[in-house]
Amino acid sequence: MKKLALLGSALLLSLTTAFAAPVEVSLAYPVAVDAPITALLKGWAQDFMAKNPDVKVTLVFAGGYPDVKTAVQTALQGGAKAPTLAVMLATDVYDLVNAKYVDNLDDLVAKAPGGAAFVKDFLPAYMGNSTYKGKLWSLPFQRSAVVLYYNADLLAESKIAPPKTWDELGKAAQALTVDGGKTRWGIEIPTENPYWTFQPLAIGGGKNVFTDDVTVNFNAPEVVDAVQFYNDLSKKYQGTPAGVQVAWGSSTQNFAAGKTAMIVHTTGSLAGILKTAKFKVGVSAVPGKKAGSWASVTGGGNLYLTAGHSAEERQAAFAFAQFLLDPSRVATFSAATGYIPNRTAATATPEYKAWLEKVPQAADAVKALASAGPELATQNVNGVRSLFNKYLQSAFNGAQSPKDALDAAQRDADKALADFK
Amino acid sequence: MGAPRKTKLLPYLLVAPTLLFVLVFTLLPLGEALVGSLFKQRLNIPKFQDPVFFGLGNFADLFGDPDFLQVLANTGLYVVLFVPLSLAAALGLALLVEEKLRGIAWFRLALFHPTVLPLVSAATVWMFFFTPEYGLWNQALHLLGYSGPQNWTGNPALALGSLVLVAFWKNVGFFMLFFLAGLQNLDRSALEAARLDGAGGFRMLRTIVLPLIRRQTVFVTSIAFIGAFQTVDHVFVLTQGGPSGSSSLLLFHLWQVRFERLNVGQGDAVTVLLVAVLLAFTVTNFFWGEHREK
Chain Y
1 MKKLALLGSA LLLSLTTAFA APVEVSLAYP VAVDAPITAL LKGWAQDFMA
51 KNPDVKVTLV FAGGYPDVKT AVQTALQGGA KAPTLAVMLA TDVYDLVNAK
101 YVDNLDDLVA KAPGGAAFVK DFLPAYMGNS TYKGKLWSLP FQRSAVVLYY
151 NADLLAESKI APPKTWDELG KAAQALTVDG GKTRWGIEIP TENPYWTFQP
201 LAIGGGKNVF TDDVTVNFNA PEVVDAVQFY NDLSKKYQGT PAGVQVAWGS
251 STQNFAAGKT AMIVHTTGSL AGILKTAKFK VGVSAVPGKK AGSWASVTGG
301 GNLYLTAGHS AEERQAAFAF AQFLLDPSRV ATFSAATGYI PNRTAATATP
351 EYKAWLEKVP QAADAVKALA SAGPELATQN VNGVRSLFNK YLQSAFNGAQ
401 SPKDALDAAQ RDADKALADF K
Chain U
1 MGAPRKTKLL PYLLVAPTLL FVLVFTLLPL GEALVGSLFK QRLNIPKFQD
51 PVFFGLGNFA DLFGDPDFLQ VLANTGLYVV LFVPLSLAAA LGLALLVEEK
101 LRGIAWFRLA LFHPTVLPLV SAATVWMFFF TPEYGLWNQA LHLLGYSGPQ
151 NWTGNPALAL GSLVLVAFWK NVGFFMLFFL AGLQNLDRSA LEAARLDGAG
201 GFRMLRTIVL PLIRRQTVFV TSIAFIGAFQ TVDHVFVLTQ GGPSGSSSLL
251 LFHLWQVRFE RLNVGQGDAV TVLLVAVLLA FTVTNFFWGE HREK
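Top to bottom, those sequences are chains Y and U. Residue numbering for the first sequence follows the working numbering, beginning at 1 and increasing consecutively. Residue numbering for the second sequence follows the working numbering, beginning at 1 and increasing consecutively.
Next comes chain U alone, as it looks inside the complex (with noise of 0.2 Å):
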């Protein structure tokens, strides 16, 4: 009678750790930003530091706020430029570094470098990159004819892309590992047999090795869209969100709500939409992929 018990008892005992974690660090916090997102509470108002019902009042405060608009909007092109660029990037240098090459190792490394680098240093020394009159970006436009210095974190046209390109820098070479174990595992005699059939590199990148890796693909989009909903250590070095507003994030505003004005309960109702975003973005993409494989 033990026997059998034991044994349907023990895969909940491994999942029990991994459970308890998500749960503790997950899901309580999660349900508790879920009732607090429904309540007005403002630690630095005499008046609203208790929380008071306010139903949906967070979030109609939220959508009323043309900044908040446009946190949405900056991050909607912020992701909407970093995941394919980088993506297609990643794809791209796996697919160089795939070839078995003298001293590829090296190359390997260079392009894997920034992801190992600290966010906040890399981040520094990008800002040295991007000073008006001696950086490097605008010796690259002198180069081009561009005669006048550029402020790239101070032009609110610029600002978000400067982002954007510090984060396609550190992330692509991380992305491009996953596409490069994908490749590595992928059947030899298939390519061979359509290279005899005469496909082209382009034809067999799209009819046979896009297929194969789907997995991986699925799984890089996944982790470049939540690191992008994510993002918020380039905006405190480089920008803080300005020129402006023009480069402030999901993320980075949700520290400000919070941390910096206090706002408890619309600090819990941004949590919720970030989540509720990501969720739906992983799910949807999840059931994409797995209907693609069938």
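Only chain Y is shown next, with the shape it has when bound in the complex (with noise of 0.2 Å):
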């Protein structure tokens, strides 16, 4: 009698764990960038569940990072269960993490084997928007920098070095400018929503918009100095469109297609010019005001665990980004796509060193990471960007001037950050 109860007890036990749910993972992930992520990142979710039998993943894709953010937040407020992943802002970390949105990590690093040393891999330049309050919110995922790109046939043939001044890309963007920017302009930065795409050139003038997470710059010498040159530009050089220039994706547009020599553009960027410019294109860090001061500024999304699930579903997440963050898959993240590869150890793998030999601009685009200042990354951090774009735009536009412009971003981003401090 024992034996058939023990022996029915195992039965039961095994066709529990036959039939039990798999633990459900979801991942949010803002698909509006220009390459080919989706086919990517299926086939890694099914090599995911192929080894973890008990867990299935399910991908959602968004239109871009305010999607997957509002997503998150309407479920979450809603009182419904948000993606257990999502790819965010590396730079929203603060409010995520005020509202309690997102969920502290530092417990599945200890647990998870080789957890320590996998977070320990990534790169530091990166890592500054990942941890608040001494504790770590998110990994970096698709992590990106602001870099000049230069059609390099056309500075050999105008017998022009790439720039390494201001005052050379200043030049250059005259010599480059053919017919008053109705064929060609010189230089291109996009400047639609312009704290991203200036930051670099703030940061090459001697100093970033922003200190910490309460503490903006908007008005130091050198970023009104950074505005001015960008007004110079189409002033003083003639070399790029005055005021507030093209959008986003119309620039890479316009330089693969020869109408403008140069752009100021992210490195998410990298694959879809190579693939479209027909002539030799040229990466480096955006220059400085004085020779040997390079720019560039950090960008992109990360990966951000949800609130409010269960300790399995935490777990079985924490492992699926483990696997997405394998040294190898960010290595060929990156080749198919221009993103900086965020781990050291990615650096060493044979599909880095391929992505190296076929396109040796990414070696060009990995350097410019080096003279890398953090994204603009505050408290109220839409408020804050959202104010002193306005303002930025106000300078281009010569609406006011540039000192007028930003003591008035100055005044209200400290007004904004008031109850922070």
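Please note that the accuracy of each hint is not assured.
Unchecked claim - If we take Cβ atoms under 8 Å as the criterion, some of the chain U residues that face chain Y in the derived model are:
1) L43
2) M127
3) P132
4) L136
5) Q139
6) N151
7) N155
8) P156
9) Q240
10) S244
11) Q256
12) F259
13) E260
14) R261
15) L262
Claimed, not checked - Computed list of lysine-lysine pairs in DSSO-like fashion (alpha-carbon distance at most 27 Å, straight line):
16) K415(Y) to K47(U)
17) K81(Y) to K135(Y)
18) K207(Y) to K289(Y)
19) K133(Y) to K207(Y)
20) K159(Y) to K289(Y)
21) K42(Y) to K358(Y)
22) K403(Y) to K290(Y)
23) K280(Y) to K164(Y)
24) K182(Y) to K236(Y)
25) K421(Y) to K47(U)
26) K159(Y) to K171(Y)
27) K51(Y) to K81(Y)
28) K100(U) to K133(Y)
29) K47(U) to K133(Y)
30) K8(U) to K81(Y)
31) K289(Y) to K403(Y)
32) K164(Y) to K415(Y)
33) K100(Y) to K40(U)
34) K353(Y) to K120(Y)
35) K235(Y) to K182(Y)
36) K120(Y) to K133(Y)
37) K182(Y) to K275(Y)
38) K415(Y) to K40(U)
39) K135(Y) to K47(U)
40) K171(Y) to K236(Y)
I should point out that these hints are in silico values taken from the structure, not numbers from a laboratory. These numbers were taken from a predicted model, which means no experiment stands behind them. Where a beta carbon is used, it is the ideal one built from N, C-alpha and C, also for glycine.
Dock chain to chain to rebuild the complex, using the hints, since each chain is given by itself in its own frame.
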């Protein structure tokens, strides 16, 4: 009888295990990037599930970063479950943590095999936005930097060396402009949402636009100087359109079509540009004011674990995150997109070496990271960023002088940050 | 006893699903927004995470904020430009395509087709039209003798106008449809009688056609006005409210306040203002139309 009961229990246990519902993990991903990422992610999700049959991964492709964030917000506030993992802007960390939309990762890192070494391997430049209040909240996922793309063939034809200072950049832009820009501009800097592409100018001028999450340097003399240089590119050098310039997407098209000789853009556009441009593309950090003072700024999205999930879901989600951020996958992802590898170990993989051999510009993009400052990330980041954009555009369009616009930006930003100090 | 009671219940039962829908998706959220607008709640500031009674503070903050005043002015200008222009064009087109000509169905289809295009795709195509150097609109300007490239969505003087232009193109065909339906239901004998009495085209339009299609006009004005106040997709794709807030409209601002800045109380206050304006307009428009009818 006892044996029979034991056998029955064993059978029941094995049946329960066999038919136990898999742990569900979903990943919300902002698909509106110019790269073939969906196919990669779908393949990796399948591979992960093949290795972990007790986990079911669902990919949720949303439009852009704001769409993913809005989806997480509405789900959590409506009392529903948000996608377990979400790729959202690295700079949103303060708002996401303060509003309790995301979950802390420290316990999962501690429990995961090789967890501490895994986290330590991420590039320090990209870890700046991952920690807050001494805790880990996200993992760098698709990280980029702003660089200068130049038409190397055109520069060589015109006997112009790749610019190394502001003055050289202005003069090169001037020399490469044809017919007052109607045929070709020397340089285009997309400034519809200007803070990010402007930051390398400020950093190259000597000061980033912020110091920490509650301190901005909008009206520092170096930042005013950088706005003046942006305006000089059109007024003094006549090498770029005056005022607020082309949309983000149009500038890469203009560059690849030869309608502009240089653009300031993200490394995330590298693969797209190389696919369409029919000339040799050069990549460097953005020249700074003085010789040797190169500048760039980090950007891109991190992988967050959203709030409100069970212990099993959290653990499975972290395992999937580790799987996605395996060095060889990081290198494959970079090669497909142009996003800079976010882990040191990725640079030692055969996939990375093959990419560098095929695309030597990738090494220049990675090199630019050495001179990169952090992207504007403060408390109340959207409020601060939109008021900075407003005044920058006002200065670019000549509605206010650079000093007046940036003094007003500083005043308003201090007000917007007052409640956080 | 039972039969008459059933008869009385039936109308209520018939409207119940709609009523339930309106209650759950309109009245309850509106009530919640009304209450929420009286509280200070900012999800990204730990000390203001729980709602604290703030009276009319959110409204005072809004009206003391130059950015919000600019949003109100932009929205007002957008409505004032969009509604009369699109209504006049829709009526004009309806009068044109009402004629029974060969191939008129294709003409109607051509005018109506922007309505069925998804707005984000349409706005993306328009972004190309607005491109500074080689966009369609700059080519048109060049033909008129203007030499320099013009950044339509980056110029504060043109950004709002660009939004109006896209909305105009997108909606005129839709509005035309209602006028067309009205025109096709007109009593032909009244028109014939007027024509025999020697009334000219403009006089007939003013004294006979317009009064007879008043109901359609009231309806189209209402949906045009409400649609204009709710414009948000074009702003997202074309201008992001810029440059320097010159094309930020009320619903886009609401999204920024509520979802970007996580300011729940102020977001609710903007919602209350938006609904109040729309309600005041719709009720006034309805009663004005009904009054004229009598």
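Going through the hints against the structure:
1. L43: holds, 4 Å
2. M127: Hint on M127(U): holds, closest Cβ of chain Y at ~6 Å, below 8 Å.
3. P132: Because about 6 Å separates P132(U) from the closest Cβ in chain Y, which is inside the 8 Å limit, the hint holds.
4. L136: Violated: closest Cβ of chain Y sits about 14 Å from L136(U), beyond 8 Å.
5. Q139: Because about 11 Å separates Q139(U) from the closest Cβ in chain Y, which is outside the 8 Å limit, the hint is violated.
6. N151: holds, 6 Å
7. N155: holds, 7 Å
8. P156: holds, 6 Å
9. Q240: At about 6 Å, which falls below the 8 Å cut-off, the nearest Cβ of chain Y leaves the hint on Q240(U) intact, so it holds.
10. S244: Since the shortest Cβ distance to chain Y is 5 Å, the answer is holds.
11. Q256: At 7 Å from the nearest chain Y Cβ, Q256(U) passes the 8 Å test, so the hint holds.
12. F259: holds, 5 Å
13. E260: Holds: closest Cβ of chain Y sits about 4 Å from E260(U), inside 8 Å.
14. R261: holds, 5 Å
15. L262: holds, 6 Å
16. K415(Y) to K47(U): holds, 16 Å
17. K81(Y) to K135(Y): holds, 23 Å
18. K207(Y) to K289(Y): holds, 11 Å
19. K133(Y) to K207(Y): holds, 25 Å
20. K159(Y) to K289(Y): holds, 22 Å
21. K42(Y) to K358(Y): Satisfied, since the Cα-Cα distance of roughly 25 Å is no more than 27 Å.
22. K403(Y) to K290(Y): holds, 21 Å
23. K280(Y) to K164(Y): holds, 19 Å
24. K182(Y) to K236(Y): holds, 18 Å
25. K421(Y) to K47(U): With Cα atoms ~11 Å apart, K421(Y) and K47(U) stay inside 27 Å; holds.
26. K159(Y) to K171(Y): Holds: K159(Y) and K171(Y) sit about 12 Å apart, inside 27 Å.
27. K51(Y) to K81(Y): With Cα atoms ~25 Å apart, K51(Y) and K81(Y) stay inside 27 Å; holds.
28. K100(U) to K133(Y): violated, 73 Å
29. K47(U) to K133(Y): With a Cα-Cα distance of about 16 Å, the restraint between K47(U) and K133(Y) holds, given a limit of 27 Å.
30. K8(U) to K81(Y): Violated - the C-alpha atoms of K81(Y) and K8(U) are around 44 Å apart, more than 27 Å.
31. K289(Y) to K403(Y): holds, 18 Å
32. K164(Y) to K415(Y): violated, 38 Å
33. K100(Y) to K40(U): holds, 18 Å
34. K353(Y) to K120(Y): Cα-Cα ~22 Å, so holds.
35. K235(Y) to K182(Y): holds, 16 Å
36. K120(Y) to K133(Y): holds, 18 Å
37. K182(Y) to K275(Y): Given pair K182(Y), K275(Y) holds - Cα atoms ~25 Å apart, limit 27 Å.
38. K415(Y) to K40(U): Status holds; Cα separation ~17 Å.
39. K135(Y) to K47(U): At roughly 20 Å apart (the allowed maximum being 27 Å), K47(U) and K135(Y) satisfy the hint.
40. K171(Y) to K236(Y): holds, 10 Å
Hints 4, 5, 28, 30 and 32 from the earlier list are contradicted by this structure; the remaining hints agree with it.
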